[in-house]
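J.: Let the sequences and hints guide you as you build the complete structure.
There are 2 protein chains.
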Amino acid sequence: MNFPTWMSGIQQRTEAALVAALPSPELAPARLHEAMRYSVLGGGKRVRPLLCHAAGAIFGADSSVLDAPSIAVEMVHAYSLVHDDMPCMDDDVLRRGKPTCHVEFDEATALLVGDALQTQAFHVLSKHLPGIAPARQIDMLHLLASASGSRGMAGGQAVDLAAVGHQLTVGELEFMHIRKTGALIRAAVLLGAHCGEAGPDALDHLGRFANRIGLLFQVVDDILDAEASTATLGKTAGKDAADNKPTYVSILGAKEAKSMSIKLKQDAHDALDPFGAAALRLHELADFIVERTF
Amino acid sequence: MNFPTWMSGIQQRTEAALVAALPSPELAPARLHEAMRYSVLGGGKRVRPLLCHAAGAIFGADSSVLDAPSIAVEMVHAYSLVHDDMPCMDDDVLRRGKPTCHVEFDEATALLVGDALQTQAFHVLSKHLPGIAPARQIDMLHLLASASGSRGMAGGQAVDLAAVGHQLTVGELEFMHIRKTGALIRAAVLLGAHCGEAGPDALDHLGRFANRIGLLFQVVDDILDAEASTATLGKTAGKDAADNKPTYVSILGAKEAKSMSIKLKQDAHDALDPFGAAALRLHELADFIVERTF
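In order, the protein sequence lines correspond to chains A and B. Here the first sequence stands for residues 52 to 345, numbered as in my numbering. Here the second sequence stands for residues 52 to 345, numbered as in my numbering.
Hints were generated in silico from the structure; no laboratory data involved. Keep in mind it's a predicted model, so treat the numbers as computed, not measured. Since no wrong hints were added, every one of them can be taken at face value.
Far from chain B, some chain A residues (derived; all Cβ distances over 10 Å): (1) Q63; (2) S114; (3) L132; (4) A249; (5) D276; (6) A277; (7) A292; (8) K306; (9) K309; (10) G327; (11) V341.
Here chain A is said to cover these stretches of chain B; the calculated rule only asks that three of the stretch's residues, wherever they fall, bring their Cβ under 8 Å from a Cβ of chain A: (12) 82–96; (13) 134–147; (14) 191–202.
Ideal placement from N, C-alpha and C gives every residue a C-beta, glycine not left out.
T.: Listed below in C-alpha cells is the structure:
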C-alpha cells in the first residue's frame with residue numbers, strides 16, 4: 052500500500068471513530084453536542100492519529116485498539132484549538148476553513164465544548180481496550196494527562212501568551228514549542244507504541260523521534276503562517292506577525308527556518324534507525340510534515 | 052471522634068494532598084501554577100472530599116488512598132468554578148471571599164487554569180494507587196470522566212446557560228442539577244466506595260444516597276443565594292435572581308424549597324439504612340449540608 056492510500060485509510064477510520072465516540076446531537080444537551088462535533092469532525096489532517104497508528108504498526112498493534120488513543124489525542128488537540136481561538140486567547144475567526152466555534156456558536160458554548168472535549172478524551176481512553184493490560188492502560192492515561200497539562204500542552208500555551216511582544220531566543224522558543232505542540236505529538240507516538248508491546252528502549256528511540264517531529268511541525272507551521280495564503284491554510288495567515296508573536300521565521304528568517312526543518316527531518320529519520328523497515332510509515336510522515344511547506 | 056473533629060481532619064489532609072499534587076509555582080510556567088494554586092487552595096468546604104472519605108470509610112478504605120480520588124474530584128470542581136466565573140459565563144468577581152481567578156490574574160490565564168486543573172485531576176487519579184487493582188482504577192477514571200463531561204457536569208452547565216431567562220418546571224430544574232452539581236457529588240461518593248471493596252448492591256444504595264445529596268446541596272445553595280449575605284457566602288449573593296436564573300426558590304418559593312430540603316435529607320438518610328452504623332459520617336454530612344441553611 053502506498054503512503055497516500057495508507058494515510059487516507061487512517062484518516063477515514065479516525066473520522067469514523069470520532070463520529071462514534073462523540074456524544075450524539077440527539078442527546079441532551081443537544082447544542083453542546085452539536086458544537087463538539089462541529090469542532091472535531093470533518094477537518095484537520097489528523098497528524099496525531101496518523102503518528103499513533105504508524106508507531107503502533109511497528110509493534111504489530113491492532114488498528115482497532117489504536118483508534119482509542121488516536122481519537123483521545125485528537126480530542127485534546129481539538130479542545131486546545133477551540134480554547135486557543137477564543138477572544139481572550141488568539142481571538143481567531145477561522146479554523147479548518149470554517150468559522151471558529153465561538154463565532155459559529157458563542158463564547159460560553161466554546162468554553163464548555165473545550166472542557167467537555169478534554170473530558171471526552173479521558174472517557175474514551177478509560178474504556179475497555181481489548182488486549183491491553185489494565186496497568187498499561189493506566190500508564191497510557193497518565194501519559195496523556197502529563198502531555199496535556201500545565202507541564203505539557205496547556206503550560207506551553209501559557210508560555211506562548213507570556214511571549215507575545217517579547218524577543219525570545221531560539222532556546223526559549225524551543226522550550227515553549229516542546230510543550231505547546233511537541234508534548235501531544237510525543238504522546239500520540241508513545242501511546243501508539245504502548246498499544247504494542249514496546250519496551251523501554253524502543254520508547255526512548257520513539258520519544259527522540261517524536262521530539263524532533265514536534266519541533267519540525269512547529270517550524271513548518273511558522274513558515275506556512277508567514278508564506279501561505281489564508282485560503283490554502285484554512286485559518287488566518289500572517290497572524291503570528293500581526294499578533295507580534297515570536298516564531299522561527301521572525302527569529303531566524305525564512306531561509307534559516309527552512310534549513311532547520313531539513314535538519315530536524317534528518318534527525319527524526321535517524322532516530323528511527325533501530326526499527327528498520329517496520330518504521331516505514333513514520334519515515335513517510337516525517338517527510339509529509341515537511342513537504343507541506345515547499 | 053465527633054463530627055467537627057473528623058471533618059476538620061479530612062479538610063486538613065485534603066488541603067495537604069492538594070498542596071502536594073498541584074505543580075509548584077517554582078516550576079515553569081510559574082504564573083499558571085501560581086494561578087492554579089490560587090484557585091484551589093485555602094478555601095472551600097471540601098464537601099466532595101468529605102463525601103469521598105465518608106463513603107470509603109464504610110468499606111474500611113485507607114485514607115491515604117482516598118486522598119487521590121478526593122483531590123481529583125476537588126480539582127474538577129475547582130476548574131468548573133474558575134470557568135463558570137468567567138465573563139462569558141456567570142461573570143462573577145468574588146469566590147470563596149477572594150477575587151475570582153480572571154479578576155486576580157486575567158481571562159486567558161483563567162481559561163488555562165481551568166483546562167490544566169481538569170487535566171491534573173486525571174493525572175492524580177492515574178498515579179499508582181496502593182491496594183487498588185488496575186482494572187478498578189480504570190473504572191474510577193471512567194467514572195470521573197462520565198461525571199465531568201457533556202453528559203455530566205459540563206452538560207449541566209450548558210443546560211444552565213440555556214435556561215437563563217426561561218421558566219423551568221421543577222422536573223427540568225432537577226434534570227439540570229442532577230448533571231451540574233449532582234454528577235460530581237455522586238462521583239465523589241462512588242469513588243470513595245471504589246477504594247474499598249464495595250459490591251454492586253452497595254454502589255446502588257450509595258448512588259441513591261448521592262443523588263439525594265446532590266439535589267439537596269443545590270436546593271440549599273438556592274436558599275442561601277436568596278437569603279444570605281455576600282459576606283457570609285464569600286461569593287456574590289442574590290446573583291441568581293439578578294441574572295434571572297431559575298432556582299428552587301424562584302420556582303417553589305422559599306418555604307416550599309425548605310420543605311423539599313428536609314424531605315431530601317430524610318430520603319438520603321433512608322438510602323443509608325443497609326450500611327448501619329458504618330455510614331455514620333455520611334449521615335452527619337447529610338445533616339451538615341442542610342444545617343448550612345437554617
